[in-house]
Amino acid sequence: MKFIHTADIHLDSPLRGLERYEGAPHLARSATRQALENLVQLALAEAVDFVLICGDLYDGDWRDYSTGLYFINQMNRLKEAGIPVFLIRGNHDAASQITLRLTLPEHVREFQWGEPETIILEELGVALHGQSYAQRAVTENLARSYPPPVSGLFNIGLLHTALEGREGHEPYAPCSVDELVNKGYDYWALGHVHGREAVHEEPWIVYPGILQGRHVREAGPKGCTLVTLDHGRVRSVEHVDLDVLRWCVCSIDCAPLTSLEELLDAVRSRTRRELEGAAGRLVAVRFELWGESTLDGALRRDPERLEAEVRAAVHEEAGTESWVEKVQLRTTSPSTHLAQEHLPAGFLQQFFADLAQDQELLSAVQDSFQKLKAKLPAELFREYPELDLDEPQTLLEFVVEAKALAELVLSPRGEENHED
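The working numbering puts the last residue of the sequence shown at 420; the count rises by one with no breaks.
Do not rely on the hints blindly, as some may be mistaken.
Unchecked claim - The calculated EDC-like cross-link candidates involving lysine to aspartate or glutamate, where the alpha carbons are at most 20 Å apart (straight line), are: (1) K326 <-> E360; (2) K183 <-> E201; (3) K2 <-> D64.
Claimed, not checked - What follows is a list of derived Cβ distance ranges for each label pair: (4) K371 <-> D230: 36 to 42 Å; (5) S269 <-> N76: 44 to 50 Å; (6) R268 <-> T139: 47 to 53 Å; (7) E304 <-> R144: 36 to 42 Å; (8) V181 <-> A298: 37 to 43 Å; (9) R268 <-> I119: 41 to 47 Å; (10) R233 <-> E123: 55 to 61 Å; (11) R77 <-> K375: 45 to 51 Å; (12) A374 <-> G165: 23 to 29 Å; (13) V199 <-> R20: 51 to 57 Å.
Please keep in mind that the hints were generated in silico from the structure rather than gathered at the bench. Glycine is no exception: its CB is placed at the ideal position from the N, C-alpha and C atoms.
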C-alpha cells in the first residue's frame, strides 16, 4: 500500500523577486499550479491508495473562483483513477479565512473543525485522525484531544503544527514530539513547516515541506513524501521533488578574487553547478558575495553595474534556464584600508564590532527598526519577506551592510571619491 503526504501547497501564491524578467509574471502565477499537477501525476504513476493534504492547501482567501476550480479539476483526475483525498485546513486556509467556497468532489474528504474526527478506510486497514483549523491562529494543543489509536488498523494523524516551535513559523497548535509518540499512532502527517524534516522514526513524524518554493527563503528541493507500507508497517518514506522552479542561494567568497572577471567566472561556475543539481528545472539564484576583499570598494561604488554584470554572466552560461533573484553584497574592505589614525573610520569599526556582540545594543537598534516598520506600508513586507525586522538574523545582516558602507565612505580611499 502507498500513500502521498503533502502540505503547504499554497495554491496560486505568487513567486517573489522575479518581476524584472520577461515571462516571469506568468511563471510567478502558475508555479504552484504546475507543482500540483506534478503531485497528481505522481499519484497516478505510483497508483497510490490515497493522498493526504495537511493544511494550507490555499494561501488565503481566493481572488476569484478560478483557484477552487483548478483544484477541483486536478482532484477529478484522481477520482477517475479511484484515488481518494483527505485534507485538513491550516492557518492560511482556515474556515474563517476562506469566504469563497465550492462543493468538493465526493472522493475529497475534509476533516471537520471544532473537534478531532476519525475516518476509517476498512478495505485498506487504515484509520485517519485529523482536525481542521476553524480560525487562523490556533494556540491550543489540538493533538491532546486526538482519539486513541484504533486497534488492528494502521493509524495516521493529520496535524498542522509547529510542534514546540520552528524558526520562521508561528507556534500554532503547539505540542511535543513525545506527546505525538505516546499517542500510539503509526504515522504523523504534519504540515505548517516549509522545510522537509523527518522528526522521528517508529513512529514516523514527518514534515513533507512546501510543495513549491515561492521565494529565496524557501530554497532547495521541494515536493512531497511518498510512503510505502508492507503488512501494516512502514517500509519506506521517500521525499519526491515536484517543484518546477528551484530557488538557490550561492555564496561566493571574494577574498581570493582580484578582478571583476574572476568574480564573474565564479558566478558562471556556480550557475553551472546549480543547473546540474536542478535536473532540468528553472533555477532562481541569489548571489551572496562575502569576504574581506580588495574588490569591496569598486563593487559598492556601482552596485547597479555589478548586478547587471552578474545577470549577463548567468544568461551567458544558462540562457533562460536560470534567473538572478538578487545580488547581495556582504563583502568588507581589508582592515588595512582603515588606517588606525583615521578616527571616524576606526571608531565605526569598533562600534560595529561591539554591536554584533552586544545583545542590549542590538535590542535598542531593533526597537528603532520597529518604529520605522510602523511607518512603512504592510504590503512592503509581504512583497519582500527578507525584510523581516523581527528576525535577529536580518538585523545582523543590516549591521554588516551598514558597516561596509560606512567603511567605504570614511576610509581614506572612500573620502577621495566623495569630495563633492
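> Is the straight-line distance between the alpha-carbon of K326 and that of E360 20 Å or less?
Replying inline: Given that 20 Å is the threshold and the Cα spacing comes to 32 Å, the pair is violated.
>> The hint says 45 to 51 Å between R77 and K375; measuring C-beta to C-beta, is that right?
In response: Distance hint for R77, K375 holds at roughly 49 Å.
> Given a hinted range of 51 to 57 Å, is it respected by the beta-carbon distance of V199 and R20?
Replying inline: violated, 38 Å
>> 47 to 53 Å was suggested as the range; check whether the CB atoms of R268 and T139 agree with it.
In response: holds, 49 Å
>> I want to verify a distance hint. Is the separation of the beta carbons of R233 and E123 within 55 to 61 Å?
In response: violated, 18 Å
>> Please verify whether K2 and D64 have alpha carbons no more than 20 Å apart.
In response: violated, 34 Å
> Between R268 and I119, is the Cβ distance one that fits in 41 to 47 Å?
Replying inline: violated, 53 Å
>> Assuming the hint says 37 to 43 Å, is it satisfied by the Cβ distance from V181 to A298 or not?
In response: violated, 56 Å
>> Would the hint linking K183 and E201 be met if the CA-CA limit is 20 Å?
In response: holds, 14 Å
> That 23 to 29 Å hint for A374 and G165 (C-beta), does it hold up?
Replying inline: holds, 26 Å
> Is 44 to 50 Å right for how far apart the beta carbons of S269 and N76 are?
Replying inline: holds, 46 Å
> Is the hinted range of 36 to 42 Å satisfied by the C-beta distance from E304 to R144?
Replying inline: violated, 55 Å
Comparing the model with each earlier hint shows violations of hints 1, 3, 4, 7, 8, 9, 10 and 13; every other hint is respected.
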